[in-house]
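Asker: For reference, the chains in residue letters:
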Amino acid sequence: MKKTLLATACLALGAYSQTSLADMSVAIAGPMTGQYASAGDQIRRGAEMAIADINARGGVLGEKLKLEVGDDACDPKQAVSVANTMVNRKIVFMHGHWCSSSTIPASEVYNESDIPMATVSTNPQVTERGLANIFRIMGRDDQQGMVAGEYIADKFKGKKVAVVDDKSAYGKGLADEIAKAMTAKGMKPALREAITAGEKDYSGLVTKLKQAGVEVMAYGGYHTEVALILRQAQQAGLQLTVMGGDTLTNSELVTAAGPAADNVMFTFSPDPRKNPEAAPVVEKFRAAKVEPEGYVLYAYAAMQLFEQAANSAKSVKYKDLEKALRGGSFKTVIGDLNFDAKGDQKAPGFVVYRWKGGQYDYAQ
Amino acid sequence: MSTLLSVRNLTMRFGGLTAIDDLSLEVPAGRITGIIGPNGAGKTTLFNCLTGFYKPTVGTLRLAHPQHGEMRLEKLPSHRVARDAQVVRTFQNIRLFPKMTVLENLIVAQHNVLQRASRFSIAGLFSLPGYRQAERAAVARAATWLERLQLTRFADHAAGDLPYGTQRRIEIARALCVDPVLLCLDEPAAGLNPRESAELNELLLYLCREQGVAILLIEHDMSVVMNVSDHICVINYGRKIAEGAPDAVKNDPHVIKAYLGEDEEEGVMEEYTEERAS
Amino acid sequence: MAYALQQLINGLTLGAMYGLIAIGYTMVYGIIGMINFAHGDIFMVSAFIAITAFTLLAAADVTSIPLALTFVLIVAIFFTSAYGWAVERTAYRPLRGSTRLAPLISAIGMSIFLQNAVQLTQGARVKPIPPVIEGGVVLWDAPGFTVQIGWSQLLIIVTTVVLMIAFTWMITQTPFGRQQRACEQDRTMASLLGVNVDRTISFTFMLGAALAAVAGVMVTVYYGVVDFFIGFLAGIKAFTAAVLGGIGSLPGAMLGGLLIGLIEAFWAAYLWAEYKDVATFGILCLVLMLRPSGLLGRPEVEKV
Amino acid sequence: MSAVVFAHHGLTPAERLRDAGWIAFVALILGVPLIGLTTVDVGGRLAVDTRFGLLAMAVIAAFGGRLLMRWSLDHLGARKLARQRAATDSGAGRAQQVVNVLGWLALGASVALPLAFSDNRYVVDTATTVLIYVMLGWGLNVVVGLAGLLDLGYVAFYAVGAYSYALLSTQYGWGFWEALPVSGALAAAFGILLGYPILRLRGDYLAIVTLGFGEIIRVILVNWTEFSGGPNGISSIPRPSFFGLEFTRNAPEDGHSFASFFGLEFSAMHRLIFLYYLILVLALLTHVFVSRLRKLPVGRAWEALREDEIACKAMGMNTTNIKLSAFAIGAMLGGFAGVFFAARQGFISPESFTFSESAIILAIVVLGGMGSQMGVVLAATLLVLIPEFGRNFAEYRMLLFGMAMVLIMVWRPGGLLAHREPTLRLSADGKAAKGGA
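As they're listed, the protein sequences go chains H, R, A and U.
All the letters of the first sequence, read from the start, carry residue numbers 58 to 421 under our numbering.
All the letters of the second sequence, read from the start, carry residue numbers 52 to 329 under our numbering.
All the letters of the third sequence, read from the start, carry residue numbers 116 to 419 under our numbering.
All the letters of the fourth sequence, read from the start, carry residue numbers 7 to 443 under our numbering.
One or more of the hints may lead you astray.
Unchecked claim - Sample of chain A residues facing chain U (criterion: CB under 8 Å; computed from the structure): (1) 150; (2) 164; (3) 170; (4) 171; (5) 214; (6) 223; (7) 237; (8) 246; (9) 288; (10) 406.
What the hints assert, rightly or not - Computed far set for chain U versus chain R, every beta-carbon distance over 12 Å: (11) 38; (12) 47; (13) 62; (14) 178; (15) 183; (16) 188; (17) 305; (18) 310; (19) 406; (20) 416.
What the hints assert, rightly or not - Quick list of the computed label-pair ranges, beta carbon to beta carbon: (21) 204/R <-> 294/U: 30 to 38 Å; (22) 371/H <-> 109/U: 51 to 59 Å; (23) 327/U <-> 121/R: 25 to 33 Å; (24) 271/R <-> 18/U: 53 to 61 Å; (25) 123/A <-> 66/U: 52 to 60 Å.
Hints are computed from structural coordinates only; laboratory data are not their basis.
Even glycine gets a Cβ: it sits at the ideal position worked out from N, Cα and C.
Could you build the full structure based on these sequences and the hints that come with them?
Answerer: Right under this line is the structure:
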């Protein structure tokens, strides 16, 4: 029984992975299940819309695009497995992964297999390893940490600021950078703390902040915990302003934190929704009952990036595509994209936002 | 007739309960000593003290080991009692390794010898001649006992699947494979039919007379105890109430009273049933 | 001092929550001797039910808090018990009498299943509701720091203590409790004496699930935010609490929960917050080394 | 299970319908809160949405499914009964023969696999993952399956192996083969470290402490940034080379790469296939090692310990040493698997060493049939392939995985291959085997 099982397994795997595809395949990968599934959801919605639009325009180089979706659940091991699946499906372009810890090992597979990728992972290590196939359409943690840290040092002079992170690669990296930037501007964090993501009770942290007289909390991590901390701070009678990173764009924060969300500030690339060129796309998403927040428009932009690069190179061969991506300048819904030698955006520009009444806008 | 084991002033208390109360007792070498007494008299507790499972509250257990000289059993952990002092026991509620075969059960009993021969498993891993020889010897020894106890045809059966009486015999065979100086049998005849009991008698006499193994025997089946014991010790409430040759003990008024005269200690009875159930 | 008092209150609340889930663990463990790894996820399901119920009430303009709480509790307990029953029936009952590990693996599978079922049917997004009970009492207005206890914190602690007393009473004094203990000690004997073992076990699972439901409602009231992942950590912590207190003992589960809550709160307050899980498990190991059956567990006498 | 099946043998159609109706009713109750009702985010507040159509479909599906299941169970049950009657007690020996033959066939298949799929990254890589789990399963099998010590923190040793290779290679430039034994020894040391304080604990108490140990190791890895890179993990871990030949696109100036040495065109598959064979060899060595150990005194002592600890003591066995040796050997094998994992991934971070990983490895051992080496292979293959196949079902895949775990366990509570082969037989040793099996 085992042999047959093994044999069928191999055959099925082989057959399944060698399906000849009439269309040209592009892929997205991210956490479609697991704790961070809502981010994966945003990516999928953005990419699906983009593919539909591109195909409505007649596809790329005369071929229709087909979207492959890979679920890594933010687990590095699964990420490699997804990468291998995608290689087998002969994808020509990858948008992903989302977690830096998934992007790093998976990118090596894509690199070996000559597949260019556009990622929103913000960990500096993503582009620091000298892989030629990676293009980052988002800023880096060190850049956004610097913006946030300097903003804090400028605007909250004299107030006590705590720097907190959630022990994730992303959160810790960001928090470290914020602390560094603050210290460079002569403002020492009053507290440096870490919490465990996934817990519900942060009253201990809140009490600690209250005791230390902290008014501003710089936070590296995801929105779920920020919402809980804010709620619990309010219950404890602590007025807290939070400064965080790009993950706080998630509107779940507002629903979860309630009115306290108005005290949340974060850094993010200039809002693509404010980009006049993005207006039609934004409208389209809203018509489809999808708020184009967070990573939705990034996924859309990644697909535009591929479309334009392929069209300008008149080829989807790796060498041509890579050259086109590195050399060109692309107009996307998130603004103009062009890349430096490492594959980072040349002008990532981070802006500080503030939530207000369920919408975010540039902070004063 | 030299003394093999001498128990002096043994007392074992569990919280408020005194299971054994100042018990002294001599076990001669090469003889069968029977221990009888009503349920809950402290017989099994005595075994547990002897074999290191319980640490006695007070008292000494001196073993005059034929090779190693005097050993103090109460100071040894249970595995050393079996390994170094070679005092080996069986259990009232049979404790075999049920999923292993009968042969494996008997080989496991020779663990220490084989483990030494396998030299931290290295000689064993590479199947070096020294180890192979030790293994062959162990199997041969097991085969001998299997043959003697008429178990050969069950050798490759899982021990737990066999009938009760057979399991009793396997447990004795397994204990014999440890090469005991003193063999402590806890109700070996319980659950045996008359024919099996008779066979057991024969076996015990063989072990004692031919092999020179001293036997300490807890038994309720009087046909066994009275027929094979050289010497009987009667305990009740953890105390020795009589001692002597089988015939003398049989007629001792204290013993008769202990067995027939008092039936008000329900608490003791309960403890016994619990023990059986576990 | 004021700071310590506030942390004490935090720790007690958290501990009460762990204790509440741990009681469910301990009851199930007591009767069939298995670690019900899906218990944390039952708790998660109940939190989702509570969210839906609260939202329904808000839509129906119910403003009376006691009324709303009672309604939500009843609804959550009803449906969650059904889940408890179904889980036992499908994943554990067929495995009764097999090795100790088979139900454990089945439970882990069940836990994965429930988590993903909720994610699929209710979505991966976090579910928030507006604060149900707001405000609290100021206990001490020390200079520079006010110590206060929220009404919801108070509610949690009181509920937990009341439930623990009620359940202890039920187990020790009622006919059901006697049947339950009979099954716990010797299932064959109990069935020979006319105890319907299957029904008793099912009922125990439903009770455990009902406790998890109460915990789920409390979490929803206190934190206001629920997602499909909350069962995992809560389950592990509650399991730890149950073992620390001596698995099988209801007051032990409570004590274990409170201890873990307090250890976490004070360790994070005065030492390194990031190592608080190390502290929790470290103390668990220490306790078990000294008392291998937990704090209030009956010491296992080595029956020979 | 079978008793349940037979008890319902003579169900009348009406009874069947009533039974299915009952199931449908349960499905309705369970379905109302999760399927029938859901909350959706409407402009920053939740609102309840109803999906009663979906609920009705689920209830109907439950009703139909139950009818179908009963029907097929009755048929299967009847056939099973017939087969049981036909089977005699010679079945056990034959089963073992079949397993042996299948084992050899599986070996043949796994040796041939990369040749058949030499350009298929996915198959080779997935097969490599299967083998890693096989190896982990064999390691844990020593602790849980043979010695009967429930270990829920096995991933800790996997992590120790992975991190020690990662650190030795990135910090001190050690090669794979030098680091392998050192990392294994380190993991074994950790095994003893864990085993020592908890010797007295039994059953579930042991389980929670091992679980805690696994968490402690993970939390330390996350927080001790200077040592382990914290949440960022360790990247750019060197890959093992083929006798000094690297699998790089361009040959180094003073030598050869694998491709240039053999005059092949560079292909990323070379390394993948090499890694596959490497883990295959490691796994086979593990298999030989564990199977031999099982037939040695120490292996039999482990099994005896699992069966009855008190009897072990009464036989003069030092249970402390036996337990520690099981922990140490199990941990060492986990450490080896970890070293290979780090070398294959090139990147490790604490996320790879969570409790769910321990749970999966334990599930492999139990699903396979405690103590059965071939069972581990079968279970590891299943547990890796089910989610992989599930990739087609996207968000349903973990749901199916959980369901499969429950169903397999209920179907075969003793594991897929529950048969235990004796470590030695009387007849095999040339002794008189009168009667025999």
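Asker: All hints, please: hold or fail.
Answerer: Now the hints, each set against the structure:
1. 150: For residue 150/A, the interface hint holds, since the closest Cβ of chain U sits about 6 Å away, which is under 8 Å.
2. 164: 5 Å, holds
3. 170: Interface hint status for residue 170/A: holds (5 Å vs cutoff 8 Å).
4. 171: 5 Å, holds
5. 214: 7 Å, holds
6. 223: OK, holds: residue 223/A within 8 Å of chain U, min 5 Å.
7. 237: 6 Å, holds
8. 246: 13 Å, violated
9. 288: Hint violated; residue 288/A Cβ to chain U Cβ min 27 Å, cut 8 Å.
10. 406: Hint violated; residue 406/A Cβ to chain U Cβ min 10 Å, cut 8 Å.
11. 38: 46 Å, holds
12. 47: Non-interface label stands for residue 47/U: nearest chain R Cβ at 56 Å, farther than 12 Å.
13. 62: 50 Å, holds
14. 178: Given that every Cβ of chain R is farther than 12 Å from that of residue 178/U, nearest at about 29 Å, it holds.
15. 183: 21 Å, holds
16. 188: Its Cβ never comes within 12 Å of chain R, the nearest being 19 Å, so this holds.
17. 305: Since the minimum Cβ distance to chain R is about 8 Å, residue 305/U lies within 12 Å and the statement is violated.
18. 310: Given a closest Cβ separation of 5 Å, the condition is violated.
19. 406: 33 Å, holds
20. 416: 22 Å, holds
21. 204/R <-> 294/U: 30 to 38 Å: Given a distance of about 33 Å, which is inside 30 to 38 Å, the answer is holds.
22. 371/H <-> 109/U: 51 to 59 Å: 54 Å, holds
23. 327/U <-> 121/R: 25 to 33 Å: 26 Å, holds
24. 271/R <-> 18/U: 53 to 61 Å: Roughly 54 Å apart at Cβ, these two residues keep to the hinted range, so it holds.
25. 123/A <-> 66/U: 52 to 60 Å: Between residue 123/A and residue 66/U, where Cβ atoms are some 54 Å apart, the hint holds.
The structure is inconsistent with the numbered hints 8, 9, 10, 17 and 18, although it conforms to all the rest.
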